[in-house]
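Peer 1: The sequence shown begins at 1 in my numbering and counts up by one.
Hints listed in this document are in silico derivations from the structure and should not be mistaken for laboratory results.
Below, simulated DSS-like cross-link-like pairs (lysine-lysine); rule was C-alpha separation at most 25 Å, straight line:
1. K37 - K83
2. K37 - K82
3. K110 - K82
4. K215 - K192
Just the calculated beta-carbon pair ranges, DEER-fashion:
5. K82 - L218: 43 to 49 Å
6. P76 - A158: 33 to 39 Å
7. Y85 - K131: 23 to 29 Å
8. S130 - R239: 41 to 47 Å
9. L15 - H93: 18 to 24 Å
10. I42 - E79: 20 to 26 Å
11. S130 - E26: 37 to 43 Å
Every residue gets a Cβ at the ideal spot worked out from N, C-alpha and C, and that includes glycine.
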Amino acid sequence: GETDVHTSVQYDFELANLYRWGGQPEKALSLNEKTLKICERIYGPEDERTLNHAAALARSYRNVGRIDEAIALFEPTVESLKKHYGPDSLHPHLVHEISGLAVTYEAAGKYELALPLHEHVFHRYAATYSKDHPSVIRFANHLAHAYTAVDRWDEALALDAQFDESVLGDSFSWLASASELIRRQDFATYDKLCARMAERFGDTENPTAAEETCKVCLLRPDVVEPERLPRRVLLDSLRDDASLRNELPW
1 GETDVHTSVQ YDFELANLYR WGGQPEKALS LNEKTLKICE RIYGPEDERT LNHAAALARS
61 YRNVGRIDEA IALFEPTVES LKKHYGPDSL HPHLVHEISG LAVTYEAAGK YELALPLHEH
121 VFHRYAATYS KDHPSVIRFA NHLAHAYTAV DRWDEALALD AQFDESVLGD SFSWLASASE
181 LIRRQDFATY DKLCARMAER FGDTENPTAA EETCKVCLLR PDVVEPERLP RRVLLDSLRD
241 DASLRNELPW
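Work the whole structure out from these sequences, hints included.
Peer 2: Have a look at this one:
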């Protein structure tokens with residue numbers, strides 16, 4: 001009966017999640033495709049349960065690198081959920097999938113499409129909950145990094161300051177951003193990032209932050225004046241802790 005089918009679909013859905021979390025995205029994808037077809041047949045394409053499985057399949061497409069298919073499925077799913085809950089609803093299902101679509105746009109390099117979604121989710125949550133609410137902090141983090149992706153560093157840093165310099169993350173996240181900018185040969189944005197990072201971490205006493213700041217700012221010559229970098233902390237840590245020498249790329 002329908003109860004047995006629903007139980008079977010839910011079991012496969014949870015198993016797909018386990019495969020995804022266990023690093024087996026292809027197996028998760030296969031199960032998500034199976035459960036979506038069943039849901040569409042039994043519940044109809046606009047049922048909330050069907051939309052939940054559609055979003056799960058979109059994520060599986062993204063996880064295996066089939067980004068165009070992920071977007072093609074995510075977009076109508078989010079629109080249907082907006083009709084179901086209301087466009088400004090803070091229902092967790094809707095918010096989760098809007099955020100998922102934004103991340104998928106970013107995976108496709110479509111930052112201009114991702115940014116308005118991040119802004120929508122953050123501002124809706126920030127207007128409803130306090131700034132120490134876990135979801136507000138999480139969506140602020142997403143938005144700050146979306147700003148950096150489109151070179152809106154002033155807004156990213158202002159948002160970071162609003163949350164006590166916590167949403168842009170530690171120095172490692174800046175290192176990852178710098179590497180991506182170099183890979184894309186976006187040297188103008190890279191140079192701005194280095195200047196901001198030297199301003200942010202130049203006075204750090206944290207050896208790891210000092211190392212990563214120097215790494216970022218030395219990927220290209222003469223971007224930041226050496227005296228603005230935390231060289232003393234880095235050199236002291238190398239003298240005091242030989243194990244750190246193995247972390248350096250030179």
